[in-house]
Each structure stands twice: as C-alpha cells, then as structure tokens.
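A.B. asks: Assemble the whole structure, with the sequences as input and the hints as a guide.
Protein chains in written order, with the working numbering: chain A, 1 to 147; chain B, 1001 to 1147.
Hint data in this document are derived by calculation from the structure and do not stem from the laboratory.
Beta carbons are placed, not taken as given, at the ideal position from N, Cα and C, and that holds for glycine.
A few of these clues could be false.
When the alpha-carbon atoms are kept at most 25 Å apart in a straight line, the in silico PhoX-like pairs for lysine-lysine are as follows [unchecked claim]:
(1) A:K67 x B:K1077
(2) A:K78 x B:K1056
(3) A:K78 x B:K1055
(4) A:K90 x B:K1056
(5) A:K67 x B:K1116
(6) B:K1102 x A:K77
(7) A:K83 x A:K146
(8) B:K1136 x B:K1090
(9) A:K116 x B:K1067
(10) A:K56 x B:K1083
(11) B:K1078 x A:K56
(12) B:K1067 x A:K67
Restraint-style ranges between C-beta atoms, simulated for each label pair [said to hold, decoys possible]:
(13) B:K1083 x A:A59: 32 to 38 Å
(14) A:A133 x B:A1141: 40 to 46 Å
(15) B:A1097 x A:D27: 29 to 35 Å
(16) A:W94 x B:N1096: 31 to 37 Å
(17) B:H1139 x A:A126: 35 to 41 Å
(18) A:P91 x B:D1099: 46 to 52 Å
(19) B:H1139 x A:A133: 16 to 22 Å
There are 2 protein chains.
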Amino acid sequence: MMGDTAVLGRLAAVCMLVGLSIVASADEQDVIDYRQHVMTTLQEQTASIAMILQKKAPAENLGAHAKLLSLAAVTAKKTFDTKAPGGNAKPEVWSNAADFAKRMDALVAAADDQVKATGNAQTASAKNQAVLAACKGCHDAYMTPKK
Amino acid sequence: MMGDTAVLGRLAAVCMLVGLSIVASADEQDVIDYRQHVMTTLQEQTASIAMILQKKAPAENLGAHAKLLSLAAVTAKKTFDTKAPGGNAKPEVWSNAADFAKRMDALVAAADDQVKATGNAQTASAKNQAVLAACKGCHDAYMTPKK
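C.D. replies: In structure tokens:
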C-alpha cells in the first residue's frame, strides 16, 4: 500500500503530465488555427476571382485578387512547416512531405503565373483553371472534408 | 370588367416586373457576396496578425500578412462602390457615404502604415492598434452584428 505522501506525489506527477499535454495541445491548436486563417484567405480570394470570371464582380479588381492569392499561397505553404495534423489536414501532409511540398510549390507557381495574366479575360480564365486544379489535387489527397 | 386578353396582359406585366425584380435582387446578392469574400479576407488577415503579435504564429510572416491586409483594404473600399445594403452593411454606408469613405481611407492608410513597421515588434503592435481602431470605428457605425 502507498502512503498518503506517495499518493500525493503520483497525483502531482499526473497533474504535471496532463498540464504539459494541455500546453502542447494548445500550441498545436494555434498552428491549426493560424493555418486555417491563411487557407480561408485563399478560399475567399479564389471565390472573389471566380465571381469576376463569372462577371458577377468588377473585372478591374482581378489583378488585386490575383496578387492577394499569390501572396497568400506563399504564406500557406509555410503554415504547414510545423507538423500539426488536425483541422482539415490529414497526417499524410507530413508523412508524404515531399509530395505535399511539390504540390504547394505548384500552387505558388500557378498563382504567380495568374498574376501576369489578368489583363485578358480568356487567358485569365485558363490560368485560373490551373490554380484551381492545384487546389483540388492537393485537397483530394491531403484534406479531410470540412465539418 | 376586363376581358381575358386584358387580364393576361396584366399578368404578363406583373410577371415581367417580378422577373426584373428577381434579376436586380440576384445582382445585389452578388455585390453582397463579393463584398463578404473581401471583408472575410480582412478578418482572416487581422486574425493572423493578432496571432503573430501574441506569439502564437511565426513572426517572420508578419510582413506578408501586413501586405495582404493592405492590398485587401484597398479592394474592400471598392466593394462598397455599388449600393447594396444587406449582409452586414447598414444602409448608412451609402446615406453617410462621405463619412464612410473617410473611414475606409483611414483603414487603407493605417494598413499601409503597418506594412512599413513589421520589423519591430513594439512598433508593429502600435501600428496594428491603429488598424484595429479603424476596423472597430467603422464596424460600430456601419455594420450589423453577424448572424
């Protein structure tokens, strides 16, 4: 049988472990929250561009949205630097890190390419298809559906 | 008493009016949807910056977020060019257009100012307070709470 002191000691050790685990988990949640702020930005910007290409929003803003999307894509890649599965990110993001990085680089390149082609509606639409294909390919492989 | 032809004529006229009104209303909804994509971008970017200033996200990304916010703020002002009350925008956005424009210009200026001050944590925080004050002042006057 354990004495009271030993029981208290074990309890304290358990509390410390639980405490540490809560801290680690809060950090991971921060990584996930931050990532989602950036991914939502990408989503809102692709939605803005889609509305312009459907003539539901002013064409003169296309250049600004393409630039926003391109900047956000560069930042989006960085938000996956810290391993934190959860939110909508499958663990494969980190277990297939090389493929994931290649796909994010392809998105950044497609978004960058789109910035240069916002003056012509037809070219802009083609470039946007490339961006959306990069989004979809990566989401199909690495994203769990949104709850 | 109206003859059948007259009744049909009136019915057709009413259908046309209803039809036209549906079209106009779809257009207004587009304006609102587009505006909300841009305003949500602002929200996600201010949230990203807040996480960095709270040391919950990488400081090295602050410059990118400040630039994103600044670009999005310029576009945000334009999304109110077309009068379309609704979503979270009060009719006063358009009835007090001069004051609203002044506030949006102040946001653009504060966001632009923030871009130049991302190297120093203390200055960055002060500049961010100015951005958030511009957001809050305008929201208090012109935004209905989100449903």
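A.B. asks: Each hint: holds or not?
C.D. replies: Each hint, compared with the structure:
1. At most 25 Å may separate the alpha-carbon atoms for a hinted pair to count; K67 of chain A and K1077 of chain B meet this at roughly 17 Å.
2. The suggested pairing of K78 of chain A with K1056 of chain B holds, with an alpha-carbon distance near 14 Å, which does not exceed 25 Å.
3. A threshold of 25 Å between alpha carbons decides the hint, and for K78 of chain A with K1055 of chain B the separation of about 16 Å falls inside it, so the pair holds.
4. At roughly 22 Å between alpha-carbon atoms, K90 of chain A and K1056 of chain B fall within 25 Å of each other, so this suggested pair holds.
5. Proximity of K67 of chain A to K1116 of chain B is assessed by CA-CA distance (about 19 Å); at most 25 Å being required, the pair is judged to hold.
6. Note on K1102 of chain B and K77 of chain A: the hinted pairing is violated, with a Cα-Cα distance of about 36 Å set against a maximum of 25 Å.
7. Our distance criterion of 25 Å between C-alpha atoms is met by K83 of chain A and K146 of chain A, whose separation comes to about 19 Å.
8. With a CA separation close to 15 Å, the supplied pair K1136 of chain B and K1090 of chain B stays within the 25 Å bound.
9. The suggested pairing of K116 of chain A with K1067 of chain B holds, with an alpha-carbon distance near 19 Å, which does not exceed 25 Å.
10. Of the pairs offered as hints, the one joining K56 of chain A and K1083 of chain B holds, with about 15 Å between alpha carbons and a cut-off of 25 Å not exceeded.
11. The straight-line distance between the Cα atoms of K1078 of chain B and K56 of chain A is roughly 14 Å, inside the 25 Å bound, and the hint therefore holds.
12. Taking the CA atoms of K1067 of chain B and K67 of chain A, the gap is near 10 Å; set against the 25 Å cutoff, the hint holds.
13. Separated by about 19 Å at the C-beta atoms, K1083 of chain B and A59 of chain A break the suggested range of 32 to 38 Å.
14. Checked against the hint of 40 to 46 Å, the C-beta distance between A133 of chain A and A1141 of chain B comes to roughly 43 Å, which is consistent with it.
15. At roughly 46 Å, the beta carbons of A1097 of chain B and D27 of chain A sit outside the given window of 29 to 35 Å.
16. Separation of W94 of chain A from N1096 of chain B is about 51 Å and departs from the stated range, judged on CB atoms against 31 to 37 Å.
17. Separated by about 39 Å at the C-beta atoms, H1139 of chain B and A126 of chain A satisfy the suggested range of 35 to 41 Å.
18. The beta-carbon spacing between P91 of chain A and D1099 of chain B, approximately 51 Å, falls within the hinted interval of 46 to 52 Å.
19. For H1139 of chain B and A133 of chain A, the Cβ-Cβ distance of about 37 Å falls outside the hinted range of 16 to 22 Å, so the restraint is violated.
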